[in-house]
Each structure stands twice: as structure tokens, then as C-alpha cells.
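Undergrad: Below, each chain spelled out in residue letters.
Protein chains: 2
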Amino acid sequence: MDIREALYTTRAMRRVKPDPIPEDVIARILDAAIRAPSGGNAQNWRFLVVDDAAVKGRLGEVYRGCMEVLWSTIYKDKIAAAEATSDDPESIQWMKVKRSADWLAENFETVPLFFFGFAQGDPTGGSIFPAIWNAMLAARAEGVGASLTSAFMLKLDEALAILEVPPDEGWIFGACVSMGYPTGRWGVAPRRSATEVSYRNTWGSDVGIRIDGPLWKG
Amino acid sequence: MDIREALYTTRAMRRVKPDPIPEDVIARILDAAIRAPSGGNAQNWRFLVVDDAAVKGRLGEVYRGCMEVLWSTIYKDKIAAAEATSDDPESIQWMKVKRSADWLAENFETVPLFFFGFAQGDPTGGSIFPAIWNAMLAARAEGVGASLTSAFMLKLDEALAILEVPPDEGWIFGACVSMGYPTGRWGVAPRRSATEVSYRNTWGSDVGIRIDGPLWKG
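First to last, the sequence lines map onto chains H and L.
For the first sequence, this note's numbering gives the first residue as 1366, with consecutive numbering after it.
For the second sequence, this note's numbering gives the first residue as 1366, with consecutive numbering after it.
Please keep in mind that the hints were generated in silico from the structure rather than gathered at the bench.
Errors might be hidden in some of the hints.
Unchecked claim - Computed footprint of chain H on chain L, listed as stretches where at least three residues anywhere in the stretch have a Cβ under 8 Å from a Cβ of chain H:
hint, segment
1, 1412-1422
2, 1496-1503
3, 1506-1515
For every residue, glycine included, the Cβ atom is placed at its ideal position computed from N, Cα and C.
Extracted from the complex, chain H is given alone in its bound form (with noise of 0.2 Å):
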């Protein structure tokens, strides 16, 4: 697959079948994942796959809780806002969003795959995020669906201590990736276009270039 076809293509994949991703898939994308650059090389990340039935059941309660915090709390003013005007193309595609994270929350249990990664003095999140979003793009080679969710932060002991993962040697969440191979299909998701959030050499300057993108169109 063509690089440009990957970087426009790997948009939030949440529903996806139960089907198990097989290890060799497995592998090229943690082989991809560390791949990414690190501040000073250090490589200080750890990548943990989950797939037992019965970690992800208990991450799965977990994470319903996260979701109905995040709903409830920071997007509870955008749900409001956007049922209000639920014409608008805006509040149409958020409302969409919002059904494909509700879709993975109910059925978080059979999603075949989560990725999670975590590193040591990170920050920025600039060690970790890279090899994170290489092992998606990788996925996306793959013809595996992924999507990237924080949400987990909302009740981080719970989730760190059903991964075990050790309280005092100073890790750091980055983020959840569910994986699988997609009911849906690929396509370029909308943005707002790279002109208007771009300035050039000093904040609000216009940057210069038209950008009527996407500059990939398949």
C-alpha cells in the first residue's frame, strides 16, 4: 500500500468483527510500532496486547464507566449542542462518531485485539505517540480497523491494575487501540481543511499556501 494511501485512509475504525487478527499480522505491527523515533533513543515504552476473553471483560466494565463519565462531563455540553441542532452537517458527523464510540463500549468484549502502549519520561507524549500511530498505520496495511481512545485516563488505577502494570517504576499511559478487521469501509474522513488551522512564522499569519485538500483523493 501506497504511503499516501495509508495516512488518509486510517481514520478511527471502531466497529469491527470479532475475528482474531492473526499473529504474524500481530507482529508486523509491534515491529512497526518500535520503528518510531524516541527522545534520545531511549525507547522507554512497553506495548501490551490484550486478547484473553476475561482481561477484556474487565477492562470492557471499566471502560463503559470512562465513557459514561466522558458523555456526562466533558462532551456533555457537544451532545446537548448538537441534538439541539441536529440538521447541521457538523452535528450530523459528531452524532455519528458518538454512535460508533457508543457501538464500541457496548461491545468492547468482542473486539479481537487492544493495543496499548506506555512509556518512561514522556512528557509531551512525542516518544510514545509515534510508535503508536505507526502500529495503526501499520494495522491499516494490514487491512485492520483501529481506533485510538484516551478514555481509560478516567479511572486509570482500574485499568492499570487489571494490566498489572507496576505503580511505582513511573509509566505512562499513552493509549488504548482497539483492533480488528472492519464491517465498514476505508475512506478519507473529513477535516477541516490545512489552510485555515496552518500559519506561517508566527501565529495567525496566513500560511501562505491554497489548500484544497484532501491532496489525496485515491
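Following the hints, put chain L in place on chain H, whose structure we already have.
TA: Just chain L, lined up with the frame of chain H:
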């Protein structure tokens, strides 16, 4: 370019030529950045590309100050250890990285482009680093070398003032990425095996897959 080649060979490329990066290449890099996922698809990000000589000059001064702090604090013991075991392959490799980082500090102003990523409401870095890493992978596909540095964190107020980032809007600095056409060659950077840093189901448990990487060899 195949996705695997990009994932395996996008290594830190600090030594670059002063040749400018064409505008259409910058456009494709920015358009790739915004294809990344972000929490709730909020896209609360901004990308700042810096190629103005005066701005680079001011940033370069601050950057050299940051690197002095970095070497004399966080990496002080590591440098001493590497110098004490200078025949050790790991020490040799680490001092190579340090010399490359020193090159970037000394030649900051000759690098044609710096790319900065910022996000709002992103405590883990999970909403900005996939975008930053997308930009670096897209750069790789264009033959543009890139290296990610968080060093500005050490004198963040000074750097943000130069870039005129509004201090009261909650913008979190993600990273600075240097970009230019490399003087050296692309290749797969050395890494510890994925088997060593991966677990299955719970922390410390054997991942159950022997991964004798790199699984992509070109």
C-alpha cells in the same frame, strides 16, 4: 512509496541541506498532518511552518540554550557513561545521535523549514502527535528529512513569544520538527526487538510471538 518503507526508514534526519522545500511539498505535508485522528475529531490543532531567516535566528539562539540545558541536566549522566564506555556499541550509537543533535543546534539557521504542532485540550499528546508524525511520514515520502525535538520545552516561554503564540488560549506545544533535504542516506534505525518490549494480556507476560525484526528489509 510503500507504507512499510516509510514506517521503517523515517529516522531522525538532522543534517540537511539549506535548499528550500517547494510550496507544493509543504502543502502535501500539511494536508497529511490534518488527516490524523484527534479526540472527538475536534481538530483543535494549529501548525506553524517557519522559514523566515529572522524568526529562525531568534529561535536558534533559544534552541542552543535549550540544548545546553539538556546536555548538562537530563543527559549529563548518559554522556558521562557513554564517554566512560566509548568502545561499547550502544555508547558509539548514542554519541552519534548526540553529534547529530549538536549539528542541528549549531546549524539551526541553515535548516530550510521548521514545523511546529500545537493543540488545545490534549493532556496526553494523543491529539497532536499522530498529526506531527503524519507530517514527518509525508515528508519522508517527498524525500524530505525530518527530526522531532521537544527541547524548546526547556525555554518554552521564550520560544512561544518568538512564535507569537497567544499565552491565554490554552495552546499546548507538541513538538518542533526540523525539515530539509538530507545530506545522508535513509535507512532502518537500530532498535531493540519488539519481543523485548511487548507483553501479552498483563504486564511482564511473554508476548508469545518471536519477532526477529526488522520485518521489512527493503
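Undergrad: Now, for every hint given, state plainly whether the structure supports it.
TA: Outcome of the hint check:
no.: 1; hint: 1412-1422; in the structure: holds (count 7)
no.: 2; hint: 1496-1503; in the structure: holds (count 6)
no.: 3; hint: 1506-1515; in the structure: holds (count 4)
Violated hints are absent here; each numbered hint is respected by the structure.
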